[in-house]
Amino acid sequence: MTIHKGRGFACINYPIGMNLGGDPSQALVHSTPDGKFMVALSSIDLGQGMKSVTRQIASETLGVPVEDVYVDTADSDTGPHCMGSFASRGTHRVGNAVIRAAAEARKQMMEAAAEELEVNASDLDTDGAGNIHVKGAPGRSITVAETAIAAQFKQGRTLSGRGIFLVPPNEADPDTGDMTPVTCFAHAALVVDLEVDDETGEVEVTEINSAYEVGRALNPKLVEQQLIGGAWMGVSHALYETTEPYYPQRDHGPEDFNTYLQPGPGQIVPHHVAVLERPAEDAPFGGKGPGEMCANPVLPAVANAVYNAVGVRCDQLPITPEKVLKGIRANGGARPQGIR
Amino acid sequence: MAKTPVTFTLNDAEAALFVDPGAALVDVLRRGAGDLTPKQGCAQGTCGACTVLIDGVPHLSCLTLAETVQGRHVETTSGLAGGPDLHPLQKAFIEGFAAQCGFCTSGMLMAAKSLLDQTPDPTRDQVIEAISGNLCRCTGYEPIVDAILTAAAEMQGRPAQQGVR
Numbered sequence: 009m010t011i012h013k014g015r016g017f018a019c020i021n022y023p024i025g026m027n028l029g030g031d032p033s034q035a036l037v038h039s040t041p042d043g044k045f046m047v048a049l050s051s052i053d054l055g056q057g058m059k060s061v062t063r064q065i066a067s068e069t070l071g072v073p074v075e076d077v078y079v080d081t082a083d084s085d086t087g088p089h090c091m092g093s094f095a096s097r098g099t100h101r102v103g104n105a106v107i108r109a110a111a112e113a114r115k116q117m118m119e120a121a122a123e124e125l126e127v128n129a130s131d132l133d134t135d136g137a138g139n140i141h142v143k144g145a146p147g148r149s150i151t152v153a154e155t156a157i158a159a160q161f162k163q164g165r166t167l168s169g170r171g172i173f174l175v176p177p178n179e180a181d182p183d184t185g186d187m188t189p190v191t192c193f194a195h196a197a198l199v200v201d202l203e204v205d206d207e208t209g210e211v212e213v214t215e216i217n218s219a220y221e222v223g224r225a226l227n228p229k230l231v232e233q234q235l236i237g238g239a240w241m242g243v244s245h246a247l248y249e250t251t252e253p254y255y256p257q258r259d260h261g262p263e264d265f266n267t268y269l270q271p272g273p274g275q276i277v278p279h280h281v282a283v284l285e286r287p288a289e290d291a292p293f294g295g296k297g298p299g300e301m302c303a304n305p306v307l308p309a310v311a312n313a314v315y316n317a318v319g320v321r322c323d324q325l326p327i328t329p330e331k332v333l334k335g336i337r338a339n340g341g342a343r344p345q346g347i348r
Numbered sequence: 002m003a004k005t006p007v008t009f010t011l012n013d014a015e016a017a018l019f020v021d022p023g024a025a026l027v028d029v030l031r032r033g034a035g036d037l038t039p040k041q042g043c044a045q046g047t048c049g050a051c052t053v054l055i056d057g058v059p060h061l062s063c064l065t066l067a068e069t070v071q072g073r074h075v076e077t078t079s080g081l082a083g084g085p086d087l088h089p090l091q092k093a094f095i096e097g098f099a100a101q102c103g104f105c106t107s108g109m110l111m112a113a114k115s116l117l118d119q120t121p122d123p124t125r126d127q128v129i130e131a132i133s134g135n136l137c138r139c140t141g142y143e144p145i146v147d148a149i150l151t152a153a154a155e156m157q158g159r160p161a162q163q164g165v166r
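Chains as they are written, first to last, in my numbering: chain W, 9 to 348; chain L, 2 to 166.
Don't read these hints as lab results, they were simulated from the structure.
Ideal Cβ positions, reconstructed from N, Cα and C, are used throughout, including at glycine.
Hints may contain errors.
When the alpha-carbon atoms are kept at most 25 Å apart in a straight line, the in silico DSS-like pairs for lysine-lysine are as follows [stated by the list, open to error]:
{"#": "1", "chain 1": "W", "residue 1": "Lys59", "chain 2": "L", "residue 2": "Lys92"}
{"#": "2", "chain 1": "W", "residue 1": "Lys13", "chain 2": "W", "residue 2": "Lys331"}
{"#": "3", "chain 1": "W", "residue 1": "Lys334", "chain 2": "W", "residue 2": "Lys13"}
{"#": "4", "chain 1": "W", "residue 1": "Lys143", "chain 2": "W", "residue 2": "Lys115"}
{"#": "5", "chain 1": "W", "residue 1": "Lys115", "chain 2": "W", "residue 2": "Lys162"}
{"#": "6", "chain 1": "L", "residue 1": "Lys92", "chain 2": "W", "residue 2": "Lys229"}
A partial selection of chain L residues facing chain W, derived with a Cβ cut-off under 7 Å [said to hold, decoys possible]:
{"#": "7", "residue": "Thr47"}
{"#": "8", "residue": "Ile132"}
{"#": "9", "residue": "Cys139"}
{"#": "10", "residue": "Gly141"}
{"#": "11", "residue": "Tyr142"}
For each label pair, taking beta carbons as the anchor points, the in silico distance ranges come out as [said to hold, decoys possible]:
{"#": "12", "chain 1": "W", "residue 1": "Asp259", "chain 2": "L", "residue 2": "Gln119", "range": "40 to 46 Å"}
{"#": "13", "chain 1": "L", "residue 1": "Gly83", "chain 2": "W", "residue 2": "Cys19", "range": "47 to 53 Å"}
{"#": "14", "chain 1": "L", "residue 1": "Gln119", "chain 2": "W", "residue 2": "Gln257", "range": "42 to 48 Å"}
So here's chain W without its partners, still in its complex pose (with noise of 0.2 Å):
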């Protein structure tokens, strides 16, 4: 029995934002009578953060403290429209009609402001500490909530933004083939070390180094908590996950999380990420989002990995002990690829 050391790479280009059917998403701020605002949306959070990197989208592009902006995605019987949190597009499609709508309440903000200082909104502007001042004069100032309350109260105006954000549907040029399927792509790079058992077929990932190029990382901890939460799940598809083990047959397909193979905290992987800022300009503050690529390289890594440790290919998911097996034995024994 010989424990052999494999190293895979992988890379991808993960589009977001599909730009076929236009792809939209809509937001709605308003403010309430204390000068909190609040961000209505159906894009639901699932754990990824959906919540947080719209709050402080909103937050920055009002001017106001982000502790004084609350997103609520309660529900979309009535909510503003949204396609769904899901393929990579949230931070990207959902932001941007954040941004439209929060520009908007910002502006009516701003009037009200104005109005109460007498002077005009243009020269106006926000510390980001729930104050409006006049440009050059921070003692001409009035708070946020006092704007907020004159508004209701006084001058019968709401502070209320509405953002939709649709790219122009796009189709494919009968002749060229040629078309705009995705707004902007991130991008990420993965090498995966394992060892592979070629008595027992196991494979065991020993570790991961990556670099995952995101756009503006709008909130790095987020980011750097779903890259590693995601390979964790990328190596779980690779080595351990399937409804369908024998696949037509259901036989033997797990039922329950009795059956169902998934690693757990004894199975950890070390992780090296490299988060790469290059911001795109059609994204809401440059942030594209890691959303599902964070999974997606980790699986033909691991199967790269895998060929290079004994020189077996598996083309079918996941790569469990049987089958690199049988794929050792009918190479007449582990063939190690290249030399580390």
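For chain W, the structure is supplied; the task is to place chain L on it using the hints.
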């Protein structure tokens, strides 16, 4: 069917409930006592989301008959914080981004609390062992392990240990 009266200590309060024979503790806590922190994930004892402490020992409340906690002390995540002050584990989970969707978090916190109650200064392997009955589909576990070690360090009054990364 006749209901059974069960009295037990739920966190710091006395609970007295009538339960159906065979009722699972998780259902009684959630529906009877209104404590929604134990989550029911798989209802077969695999995922650990329903983990509560009974007399300090972690139990899967989906597989525990409610009648068996008569006279015992049940701890859930809602009892972790002391008023507005979060438990060091809760703080470490928040600051270490150890939750994404949050469904496993209650179970993880209770498994971790039981560990730290008995082993205040655990090794990384002991932390991994302690949460090995709890599934998480979002984080890849590493931020959770790091958060538990950070909380342990803080409770010991020393700087946090280095993570594996």
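Now the hints, each set against the structure:
Under the criterion of a C-alpha separation no larger than 25 Å, the hint pairing W:Lys59 with L:Lys92 is consistent with the structure, at around 20 Å. This hinted pair checks out: W:Lys13 and W:Lys331 have alpha carbons roughly 18 Å apart, not beyond 25 Å. Of the pairs offered as hints, the one joining W:Lys334 and W:Lys13 holds, with about 19 Å between alpha carbons and a cut-off of 25 Å not exceeded. A distance of roughly 16 Å separates the Cα atoms of W:Lys143 and W:Lys115; the hinted pair therefore holds under the 25 Å criterion.
Annotation: proposed proximity of W:Lys115 to W:Lys162 holds, straight-line Cα distance about 18 Å (limit 25 Å). Only pairs whose Cα atoms come within 25 Å are accepted, and L:Lys92 paired with W:Lys229 is accepted, the gap being roughly 16 Å. Given hint, L:Thr47 at the interface with chain W, holds; its Cβ is 4 Å from that chain's nearest Cβ, closer than 7 Å. Taking 7 Å as the C-beta contact cut-off toward chain W, the hint placing L:Ile132 at the interface holds, the least distance being around 5 Å.
Of the supplied interface hints, the one on L:Cys139 holds, with its beta-carbon coming within about 5 Å of a beta-carbon of chain W, less than 7 Å. Taken as an interface hint, L:Gly141 checks out: its beta carbon lies about 3 Å from the nearest beta carbon of chain W, inside 7 Å. For L:Tyr142, the interface hint holds, since its Cβ comes within 7 Å of a Cβ in chain W; the closest pair sits about 4 Å apart. A hinted range of 40 to 46 Å for the beta carbons of W:Asp259 and L:Gln119 is consistent with their spacing of about 44 Å.
Between L:Gly83 and W:Cys19, the C-beta spacing of about 49 Å keeps the proposed range 47 to 53 Å intact. Range check, L:Gln119 to W:Gln257: Cβ separation about 47 Å, and the 42 to 48 Å hint holds.
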